[in-house]
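J.: Given chain E, put chain G in place with the hints provided.
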Amino acid sequence: MRAGAWRGLAALLLFVFSLACATGQGPDVPDRDPWEPMNRKIFAFNEGLDRWVFEPASVGWDFVLPDAVQKSVMNVFDNIFMPAVMVNHLFQARFKEAFAQDLPRFLMNTTIGWAGLFDAASTVGIDKNYTDFGITLGRWGVPTGPYLVIPLLGSSSPRNVVGKAADVWSTPYSLWIVPGISIAIRAVELVNLRTLFAEEIDQSRTESIDYYSFIRSAWEQNRRYRVLEAQGKEPSPEFDDGQVDLYYIDAIIDAEADEEVEKQSPSPSEVEPSEAEEGSS
Amino acid sequence: MSCHKICKVRFPFVLIAAAGFASFLWTAQPALAGAASSDAAAVASARAVVSKVMSRVVSVLSDRSLSDDQRLAQIEAIAYSNFDFETMAKLVLARNWKNFSKEERRTFVTEFTDLLARSYSSRLKRYSDEGVDVVGARPEPRGDVTVETRIVGGGFDGATVNYRMRQRGGEWKAIDAVVEGVSLVSSYRAQFREVLSGSSPAKLLERMRSKNSFSEVGV
Numbered sequence: 001m002r003a004g005a006w007r008g009l010a011a012l013l014l015f016v017f018s019l020a021c022a023t024g025q026g027p028d029v030p031d032r033d034p035w036e037p038m039n040r041k042i043f044a045f046n047e048g049l050d051r052w053v054f055e056p057a058s059v060g061w062d063f064v065l066p067d068a069v070q071k072s073v074m075n076v077f078d079n080i081f082m083p084a085v086m087v088n089h090l091f092q093a094r095f096k097e098a099f100a101q102d103l104p105r106f107l108m109n110t111t112i113g114w115a116g117l118f119d120a121a122s123t124v125g126i127d128k129n130y131t132d133f134g135i136t137l138g139r140w141g142v143p144t145g146p147y148l149v150i151p152l153l154g155s156s157s158p159r160n161v162v163g164k165a166a167d168v169w170s171t172p173y174s175l176w177i178v179p180g181i182s183i184a185i186r187a188v189e190l191v192n193l194r195t196l197f198a199e200e201i202d203q204s205r206t207e208s209i210d211y212y213s214f215i216r217s218a219w220e221q222n223r224r225y226r227v228l229e230a231q232g233k234e235p236s237p238e239f240d241d242g243q244v245d246l247y248y249i250d251a252i253i254d255a256e257a258d259e260e261v262e263k264q265s266p267s268p269s270e271v272e273p274s275e276a277e278e279g280s281s
Numbered sequence: 001m002s003c004h005k006i007c008k009v010r011f012p013f014v015l016i017a018a019a020g021f022a023s024f025l026w027t028a029q030p031a032l033a034g035a036a037s038s039d040a041a042a043v044a045s046a047r048a049v050v051s052k053v054m055s056r057v058v059s060v061l062s063d064r065s066l067s068d069d070q071r072l073a074q075i076e077a078i079a080y081s082n083f084d085f086e087t088m089a090k091l092v093l094a095r096n097w098k099n100f101s102k103e104e105r106r107t108f109v110t111e112f113t114d115l116l117a118r119s120y121s122s123r124l125k126r127y128s129d130e131g132v133d134v135v136g137a138r139p140e141p142r143g144d145v146t147v148e149t150r151i152v153g154g155g156f157d158g159a160t161v162n163y164r165m166r167q168r169g170g171e172w173k174a175i176d177a178v179v180e181g182v183s184l185v186s187s188y189r190a191q192f193r194e195v196l197s198g199s200s201p202a203k204l205l206e207r208m209r210s211k212n213s214f215s216e217v218g219v
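Chains as they are written, first to last, in this note's numbering: chain E, 1 to 281; chain G, 1 to 219.
By construction, these hints were calculated from the structure, which means they are not laboratory data. Here a beta-carbon is modelled for each residue, glycine too, at the ideal position from N, C-alpha and C. Careful, some of the hints might be misleading.
Unchecked claim - Short derived list, chain E residues pointing at chain G, Cβ under 8 Å:
1. Ala120
2. Ser122
3. Glu199
4. Ile201
5. Gln203
6. Glu207
7. Phe214
8. Arg216
9. Ser217
10. Gln221
11. Asn222
12. Tyr225
13. Arg226
To be verified - Calculated lysine-lysine pairs in the DSS-like style (CA-CA distance at most 30 Å, straight line):
14. Lys52/G x Lys128/E
15. Lys128/E x Lys125/G
16. Lys203/G x Lys41/E
17. Lys52/G x Lys233/E
18. Lys128/E x Lys96/E
19. Lys128/E x Lys164/E
20. Lys233/E x Lys164/E
21. Lys41/E x Lys211/G
22. Lys233/E x Lys41/E
23. Lys71/E x Lys203/G
24. Lys41/E x Lys164/E
25. Lys128/E x Lys71/E
26. Lys98/G x Lys203/G
27. Lys125/G x Lys52/G
28. Lys41/E x Lys128/E
To be verified - Simulated DEER-style distance windows between Cβ atoms:
29. Ser199/G x Gly154/E: 24 to 32 Å
30. Ser62/G x Arg32/E: 38 to 46 Å
31. Ala44/G x Gly141/E: 32 to 40 Å
32. Ile201/E x Ala48/G: 34 to 42 Å
33. Val124/E x Ser213/G: 41 to 49 Å
34. Tyr211/E x Ser59/G: 31 to 39 Å
35. Ser59/G x Val64/E: 34 to 42 Å
36. Arg106/G x Glu199/E: 45 to 53 Å
37. Ala44/G x Gly232/E: 23 to 31 Å
If we strip away everything but chain E, and leave its shape as in the complex, we get (with noise of 0.2 Å):
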């Protein structure tokens, strides 16, 4: 069994390292979803999936279980995940997190926390910091990769890929116990986690105008904001599209708006000659 998912796991690894370096991707290339066409199937397959198994899954978890027990079932899986947390903290290089923060909160939530159902740490003031080996990579460098819908765990990218396989080593459940087992555990997590941000979920999908590329831009924006964080440097948004800065305005463009603002009420028919120069540009 242990032989057949390390073949398993070094299967995967293989192929999308393949497929990393079959698109060698610039920086100056332009298309930073060159996986669009497939990534959208699979996003669809687990939209569905989701709303065929894991909502409905979710609404009857949220109606037997009150909202601490939920709480704590998330508490007990970001425990067991601690250790893995710390291990990644130190191969950052970053021994404040790993010895402030990771070590004192598995510490006290194992023990004064009842092997990790109650978040005493936090109530003392040490925050749960969370982190694994895909930003481990992108911390040294690494680049994340174009963007990866896997079927069944969502957003991901080739760095990403490699980072979950090396994390789930360091997870106890995932590998250690009998595999029959060890998705049921999973499954819990899932469900438990997508009760507890099922508002959230059901707001994100209402309110997109194109939920695939809110996803895609939400998960892009939070792992490089984590990848910076973890080199220290100031985590300041930015766009995808070449475009540094994100908050600069072109001069005409504001100065189209001013005029604007000042005419509060022009005929729709009045079109000034600017403007139809620039439609062509």
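T.: Coordinates of chain G only, in the frame set by chain E:
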């Protein structure tokens, strides 16, 4: 679960436990954020504005005499007066702004304002069950200031929400809210670019209108 696996994990942790607790005592002390530069005055005034607005938000959220709808409406009102939605509209459309007619631009700003105000307010309502701390501020290019806040308590405890502040007509207004590194402006810009690459501004506006009327019914 076999025992020796567990013991194997725990053993090294026990060894460094003392070191861990010692350093914990050190981190428990509040960190001192020092911002001493020429922009100090701007940073301080932007930070003061965010602090004031956030304390208003928290007082609305903790006012038990209000119904959920009233609470949401009040936060929306705060959002309307403290965000510069017109600037945000330009930032999200970027180069596409030029392809919009004046009429379309006006409609876009209106629809986008509705969408964003509602989106931001209902998120804030959910995030900050307990409170919001203003934890820092730093100068940015072109006189902007980023003010960092942290959610305290509730399901999103510890989440960072950064506000990008810009002065307009002598007043500090937010031009972006960045939740755990995810910028509202950036994620809407990605969506609008995607939609506009395949259809006209008119189609996009139609889509936004239907979104807005849909969520009004939903609330």
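J.: If you take the shortest Cβ to Cβ gap from Ser122/E to chain G, is it below 8 Å?
T.: Ser122/E check passes; min Cβ-Cβ to chain G is 7 Å, inside 8 Å.
J.: With a cut-off of 30 Å on the C-alpha distance, tell me whether Lys128/E and Lys164/E pass.
T.: holds, 19 Å
J.: For the hint on Glu207/E, just tell me whether its beta-carbon gets within less than 8 Å of chain G.
T.: holds, 5 Å
J.: Any CB of chain G closer than 8 Å to the CB of Gln221/E?
T.: Holds: closest Cβ of chain G sits about 5 Å from Gln221/E, inside 8 Å.
J.: Quickly compare the C-alpha distance for Lys98/G and Lys203/G to 30 Å and report which way the hint goes.
T.: holds, 16 Å
J.: Classify the hint on Phe214/E as holds or violated, based on whether any CB of chain G lies nearer than 8 Å to its CB.
T.: Result: holds, 5 Å to nearest chain G Cβ.
J.: Hey, does the Glu199/E contact hint survive, CB to chain G under 8 Å?
T.: Hint holds; Glu199/E Cβ to chain G Cβ min 6 Å, cut 8 Å.
J.: Going straight from one Cα to the other, do Lys233/E and Lys164/E come out at no more than 30 Å?
T.: The hint holds at about 24 Å.
J.: Going by Cβ atoms only, is Ile201/E closer than 8 Å to chain G?
T.: violated, 12 Å
J.: Decide if the proposed pair is consistent with the structure: Lys41/E and Lys128/E, CA atoms, cutoff 30 Å inclusive.
T.: violated, 35 Å
J.: Given the hint of 34 to 42 Å, is the C-beta distance from Ser59/G to Val64/E inside that range or not?
T.: holds, 35 Å
J.: Does the alpha-carbon distance linking Lys41/E and Lys164/E stay inside the 30 Å limit?
T.: holds, 22 Å
When each numbered hint is compared with the structure, violations occur for hints 1, 4, 22, 23, 28 and 36.
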